[in-house]
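As they're listed, the protein sequences go chains R and U. Residues in the first sequence are numbered consecutively from 1180, following this note's numbering. Residues in the second sequence are numbered consecutively from 7, following this note's numbering.
Calculated directly from the structure, the hints in this document are not laboratory data. Even for Gly, the Cβ is constructed at its ideal location relative to N, Cα and C. Treat the hints loosely; a few may be bogus.
What the hints assert, rightly or not - With beta-carbon atoms standing in for the labels, derived distance ranges:
(1) R/Ala-1256 / U/Glu-181: 51 to 61 angstroms
(2) U/Pro-112 / R/Leu-1332: 32 to 42 angstroms
(3) U/Glu-132 / R/Ala-1256: 33 to 43 angstroms
(4) U/Thr-27 / R/Ser-1309: 53 to 63 angstroms
(5) R/Glu-1279 / U/Lys-314: 21 to 31 angstroms
As the list claims (entries may be wrong) - Anything over 10 angstroms on all C-beta distances counts as not near chain U; from chain R, calculated:
(6) Ala-1238
(7) Thr-1244
(8) Lys-1274
(9) Thr-1305
(10) Glu-1306
(11) Asn-1307
(12) Ser-1309
(13) Ser-1327
(14) Thr-1333
(15) Val-1338
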Amino acid sequence: MPAPRWKRCSGNILWAGGVPGAGGDRPLGAGAVPWGAGRVRARCRSRFESLTRRRTGEALRAFHTAIRSSPGNTRNAAMKEQAQGTMLKVLTSFKSSEIEQAVNSLDRNGVDLLMKYIYKGFEKPTENSSAILLQWHEKALAVGGLGSIVRVLTARKTV
Amino acid sequence: MAYHSFLLEPISCHAWNKDRTQIALCPNNHEVHIYRKDGAKWSKIHELKEHNGQVTGIDWAPESNRLVTCGTDRNAYVWTLKGNVWKPTLVILRINRAARCVKWSPKENKFAVGSGSRLISICYFEQENDWWVCKHIKKPIRSTVLSLDWHPNNVLLAAGSCDFKCRIFSAYIKEVEERPSPTPWGSKMPFGELMFESSSSCGWVHSICFSASGSRVAWVSHDSTLCLADAGKKMAVASLCTETLPLLAVTFITENSLVAAGHDCCPMLFTYEESQGALTFGGKLDVPKQSSQRGLTARERFQNLDKKASSDTANATLDTLHKNSISQISVLTGGKDKCSQFCTTGMDGGMSIWDVKVRNPHGPLRLG
């Protein structure tokens, strides 16, 4: 059997043997990532990358996609890391003036989820992340109130 | 709206007598003090000293005029008024942790005590032995029982506990009552039967309340949510994530409205829309008068900006009537279906009485 040819396909999932969907391939990623979730993440990330190339108004769609495809009930730490990383990139790509509009477009559960990601982002500060996260925090607090922060503290399923 | 400051210490718990002229409260120590209303003043008329630990729950039975108190010394006492003195009777609860809350049943022939030993003690009086006997409800409670409320049929008991769940049990004691008729919560009610259990929210359930008809139960939990289960809708649970700090006490004031209060120091109104099965926030009930805003000089503005990073002084002092968290709400007049007055006590040692004014029978409620 010939040695498998590694090829990077959409979603950065390494495939043995070329194009996905061709016979005889298996996904080989870090850990046992289920195919369905991987596709979601992959689509989110590739879409985000293409969308941020065209700035105006598309950052909002990237934001909504990231919120919607957030992994809810998973214990897989790698998947959570991925989601946090994507979310952080989306949040830092916003201009300060656009933050308020993005927060107002969320419903109550979305604001709670956003608050969880903001606090998760605070835990591992990178160079410029804290400043932009603080702006996000101010706007999210105005909409969600202190209750949304309490729900971050009491939540049993961390994001 | 009337506010009276009893103490500088928190009021741990309170209970009113039948005609609302006397209030029994615990001033954060081992005693219970009873105050009587003398015109506009309150004077202390009794001091009940029997507990060896802080008194955590008091309930006053309106018809039989008995008090039951429970405390961290793992005991409960039933007090009866003989002449002008309150005489205690010890009730052995058989618990090995502190008792947390106590409630007389509607017919006053039994009472329930929630405790830290993860069980509820249902106590009733046994005539032959002249002694209070208790039975335990244990399964499936996994943590401290923080709050209790009885259903009007004297059998069902709602319990909120620290394992994040609200449950309804049957506390049917065949020695003191007949078999209850079926209710929307279920028809078979042997002792200790679990009739309803909520799915986990994420916070300790601080307070729980049945509606006047008993077909709805509402509870507040520590993750700043208020939930309501409606037996008429197959026990569907409606929940509302509030924007405030966690609430500590809740009560129904009509069949569709609730008043809740907590760490935000003011009572808030919530309404339940039956057709949509949704809870909505009705507003804070403690709207302070607008104090005259004196203008800030430019110097003060810069000083504020330097010290507090914001130039508005709105949040410097608490505008609400209570200056600390409100820990208990009790209905004074009108019952839970047509409440016209309710009372709140809090950690600031004060007690305030709120009037509910109904504009029109089906319209929104306002507060005086």
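Holds or violated: is the Cβ of R/Lys-1274 farther than 10 angstroms from all Cβ atoms of chain U? R/Lys-1274 clear of chain U: closest Cβ-Cβ about 23 angstroms, beyond 10 angstroms.
10 angstroms Cβ clearance of R/Ser-1327 from chain U: violated (7 angstroms)
Say whether it holds or is violated: R/Val-1338 keeps its Cβ farther than 10 angstroms from all Cβ of chain U. About 13 angstroms separates R/Val-1338 from the closest Cβ of chain U, which puts it past 10 angstroms; holds.
Test the statement that R/Ala-1238 is away from the interface with chain U: the closest C-beta pair must be farther apart than 10 angstroms. holds (27 angstroms)
Take the C-beta atom of R/Ala-1256 and the C-beta atom of U/Glu-181, compute their distance, and say whether it sits inside 51 to 61 angstroms. holds (56 angstroms)
Is the nearest CB of chain U more than 10 angstroms from the CB of R/Ser-1309? holds (16 angstroms)
Starting from the range 21 to 31 angstroms, see whether the pair R/Glu-1279 and U/Lys-314 falls in it by beta-carbon distance. holds (23 angstroms)
How does the Cβ-Cβ distance of U/Glu-132 and R/Ala-1256 compare with 33 to 43 angstroms: does it lie in that range? violated (57 angstroms)
Is the Cβ of R/Thr-1244 farther than 10 angstroms from every Cβ of chain U? holds (23 angstroms)
A cut-off of 10 angstroms on Cβ-Cβ distance, and R/Asn-1307 was said to be off the interface with chain U. Does that hold? holds (20 angstroms)
Just want to verify: R/Thr-1333 was marked as not at the interface with chain U; is every Cβ pair farther apart than 10 angstroms? violated (4 angstroms)
Range first: 32 to 42 angstroms. Now tell me if the beta carbons of U/Pro-112 and R/Leu-1332 are that far apart. For U/Pro-112 and R/Leu-1332 the Cβ distance comes to about 38 angstroms; the hint holds.
When the structure is compared with the earlier hints, violations turn up for hints 3, 13, 14 and for no others.
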